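Chemist: As a plain string of letters, each chain reads:
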Amino acid sequence: MIVQPAALALIVAALLTGFMVLYAGWYGVQILLHWDMRSGSELQLSLERRTYLISAIVNFALICQLLSLLLFIYTADALHSLFIGAMCAAGTLHVNGFGYPVLALKIVNFLLAGLWLIINYADTQGYDYPLIRVKYSLLLAMVPLVLLESFCLIAYFAGLQADVITSCCGSLFSLDRPGIGGDLAGLPDRSMAIAFYCNMAATAACGIIFLVKKRGGYLFAALSSMGFISAIAALVSFFCLYFYELPTHHCPFCILQSQYGYVGYLLYGCLLGGGVAGLGVGALMPLRGRGSMAAVIPVLQRQLMAAALVLYLIFTLVVSWPVIFSSFKLL
Amino acid sequence: MSGLLARHRNIIDFALSSLLRRKAKNISLLAVYTLIVIIIASCMLFINALKQEAAAVLKDAPDMVVQKMVAGRHDLMPVSRGEVIGGITGVRGVTARLWGYYYDAVTRANYTLTVSDGGQPAPGSIYIGSAIARLTGFSQGDLMPLRTYKGESKLLQVVRVLPAEAEIVSADLIVLSEKDFRELFNFPAGFATDLAVSAGNPLELATIAAKIVHQFPDTRPIMKSEMLRTYDSIFDWRGGMIVVMFAVAVLAFIIFAWDKASGLSAEERREIGILKSIGWETADVLLLKFWEGAIISLTAFLCGATVAYCHVFFFSASLFEHALKGWAVLYPQFRLAPSINAYQLTILFFLTVVPYTAATIIPSWRSATVDPDSSMR
Amino acid sequence: MIELCAITKSFAVGLPYQLTAVRDVSLVIEQGQFVVIKGPSGSGKTTLLTLIGCMARPTSGRIMLRGLPHPGLPGSADSAEVEITSLPERFLTAIRRATFGFIFQHFNLVRGITVLENVMLPAYPTGEPYELFRSRALQLLELFSISRHAATPVDRLSGGETQRVAIARALINNPKVIIADEPTAHLDSGLSSEFMEILSTFQAQGKTVLIASHDPLVYESSIPDMVVQMRDGAITGITRQQ
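Protein chains in written order, with my numbering: chain V, 47 to 377; chain Y, 218 to 594; chain X, 3 to 244.
Just so you know, these hints were derived from the structure itself, not from any lab. The structure presented is a predicted model; accordingly, all values stated were derived computationally and were not measured. Ideal Cβ positions, reconstructed from N, Cα and C, are used throughout, including at glycine. Relax, there's no trap hidden among the hints.
Chain V stretches covered by chain Y per the calculated footprint, using a threshold of three residues with CB under 8 Å from any CB of chain Y:
1) 54-68
2) 96-110
3) 117-128
Between beta-carbon pairs, the in silico distance windows are:
4) L292(V) <-> L275(Y): 24 to 34 Å
5) V75(V) <-> S224(X): 57 to 67 Å
6) H225(Y) <-> A8(X): 37 to 47 Å
From just these sequences and the hints, can you work out the full model?
Modeler: Here it is in structure tokens:
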């Protein structure tokens with residue numbers, strides 16, 4: 047077990063978030079069972095008051111998730127010196143079976159919390175709480191995922207033993223190694239880059255059509271989600287080579303280090319923001335017809351779409367910069 | 218957008234005025250909060266500074282040290298092996314090192330004796346570390362008596378006291394000539410304490426180490442990276458233990474914060490009732506409570522981190538040093554190199570501000586959901 | 003125009019100490035009317051005021067507003083009819099801030115802050131720029147001749163001055179309806195008449211005025227257009243004066 051201030055900080059945050067989301071989920075069940083907008087009964091009034099607490103909790107959970115995602119990766123990076131063979135966060139995460147699941151769950155929970163807050167915002171703009179059931183069903187779906195993440199995080203740190211031989215990103219993400227790391231790196235890099243650019247262009251085009259003609263929301267959400275995944279794949283197989291100026295270094299975590307100007311934070315920040323915004327557009331599509339939402343949702347969707355486009359654009363520009371301007375060239 | 222900013226600005230205004238109106242309660246909260254931040258921040262900054270010192274010290278250490286073993290204990294290394302090892306591909310250089318420990322019965326302290334390359338100091342003279350100078354009272358020009366392994370007393374002249382800036386490495390150090398060293402310890406010719414090996418490419422050290430062990434199965438190669446790892450591990454562990462010990466204090470603080478947040482006086486309750494009745498809605502009052510908490514957290518965090526910084530780097534963390542540095546007679550007195558970064562501050566944030574905020578969410582909400590007509594009944 | 007249809011408000015429903023404060027009340031208040039609700043304490047006057055003034059939701063029945071601002075809701079600004087019975091708190095409060103100004107029985111000023119801050123307080127969360135509502139607040143203080151007390155903490159004022167601060171605060175958001183709950187309870191006859199005069203000038207400006215009182219000086223005055231009598235939560239009589 048690694049007893050280290052950063053690990054303890056992450057565990058504290060995970061426990062707090064887990065507990066608060068569970069608490070929110072319990073009241074979510076109450077709301078789903080007893081909500082009746084038309085009634086003026088005291089139960090209804092107390093449920094309405096309770097919704098403020100749940101929003102405050104999910105806001106807290108979202109910010110906590112984002113900060114702890116950054117802290118988790120940074121800690122994994124900082125701990126790499128304790129493990130033989132680990133050169134960066136990739137190696138530390140590989141030490142036991144819980145490392146990568148924690149990362150994946152943190153990203154998923156961040157996206158879900160962001161999505162919940164978007165739906166919540168839309169709901170509060172309406173005078174008849176039209177999205178209440180959707181919101182709280184989503185919350186109930188989030189509860190087990192958050193709890194699972196907290197459990198995995200604690201299990202991960204509890205299972206860390208210094209000196210365990212693990213793999214460094216060089217062999218984890220190298221071409222001969224079986225598994226998803228190798229598969230990602232082994233994707234033909236040229237095609238991945240082309241697929242990425244095509245995806246981004248399609249997303250942008252779809253977005254502009256939506257802004258002008260107000261159609262194609264589902265398509266946009268699908269394209270932006272595919273964009274999210276293709277961006278990560280292209281980053282690992284093609285773009286990061288230009289940042290590292292090494293044809294074999296495929297690690298997605300090393301770009302977070304200071305020697306590369308912390309560019310990784312900007313890239314992943316843009317991707318996460320764009321991903322949430324794109325998902326939000328898609329999630330709001332089926333809810334457009336409900337009551338007061340007809341006036342609210344289209345405006346919100348346009349704002350989200352603009353945000354997603356801007357963030358993806360920044361990502362594309364930053365990632366293309368070294369390809370165009372650096373002296374390193376892949377044959 | 219400007220409406221949003223105006224709303225926040227006005228509410229922050231009122232939050233400040235609200236906090237100042239209840240000085241007694243808020244000052245006591247702020248004091249406890251700041252104290253918690255100071256303790257945890259001091260601990261973390263100190264550990265981090267020690268880790269960086271260790272890394273700086275080890276920077277100049279040899280890539281690998283090869284020791285000969287006998288029955289699991291460290292034995293003398295034949296110098297001839299150095300030539301064989303020098304012939305292994307990838308090895309850039311091999312140096313035979315002479316060093317050892319000397320127990321001084323008078324001061325009951327252990328000194329580290331070492332021979333440096335370059336022929337200095339001349340036979341009959343020694344350099345001593347500043348901690349030894351402090352402990353024994355010897356200074357430049359004095360004659361220091363040492364007892365040889367043959368039972369004779371040997372007088373060596375102190376020609377230099379090593380500077381205090383180098384204390385972390387040299388506090389307990391005596392540098393002497395090879396002749397004096399061998400005479401003092403009855404050290405046989407043709408042998409050294411261990412061999413320092415440097416490699417052209419540090420990534421090949423593991424392979425070189427494997428070859429050395431294959432060639433000489435009774436040797437133990439120790440790599441610099443292993444030493445760094447061990448130091449890091451120990452410091453991390455010590456730091457973590459202290460944080461765990463203070464977990465009880467943090468928990469008490471959380472309960473205290475919860476209590477302060479929930480225990481609204483009649484006056485505070487009246488005030489919130491008035492706000493709700495004149496047109497503030499629940500979200501506005503929640504925002505007010507959030508900003509009050511944020512102002513207190515920010516103040517405690519900044520003040521606490523600043524005081525901790527001064528405590529560790531200007532007062533050498535007098536509260537903690539014994540627990541963290543270990544037990545010995547000879548303590549190096551050194552000023553730690555000041556260092557602080559966003560990572561440390563984020564960890565501090567997670568250990569202090571995040572629990573405080575979590576503890577005050579529910580009490581804030583309770584106070585914000587007072588009915589608007591409560592002030593009329 | 004404010005219309006109430008069969009409004010009932012009960013507290014602690016189903017529990018042994020259940021209380022029905024307002025029982026099956028139906029009432030129409032026209033724009034620009036001066037209405038007094040009279041009745042002994044416990045008759046439900048205050049609760050009725052909170053229901054009309056968007057401070058509380060009725061247990062059953064409907065409340066409609068017509069010709070009054072309703073931010074955030076569909077329909078053009080002042081002509082549509084809007085039902086406010088089951089609006090979320092956010093919208094109810096937005097309507098209340100824009101439409102209603104309250105003067106409370108005990109004035110309900112925040113102790114420890116100045117007169118000016120008290121008057122500005124309802125405008126803080128609206129998102130309006132500070133400079134705008136500050137100048138409006140100063141104008142109101144000027145109107146009620148208490149500008150010299152702008153920086154004085156409210157605790158130090160006399161009864162009459164405090165009342166004028168309370169009235170100024172009620173007007174900060176330019177409401178169309180003024181609601182006062184037992185406003186003359188702590189005032190002598192001189193100040194009470196002065197108060198009625200001030201409110202009648204509001205009526206002259208086109209505002210609707212609603213007062214709950216059991217003070218004869220109020221309900222026997224010639225100023226009100228309509229006096230509503232309540233007892234035990236129900237209306238027992240309506241008198242109209244011309």
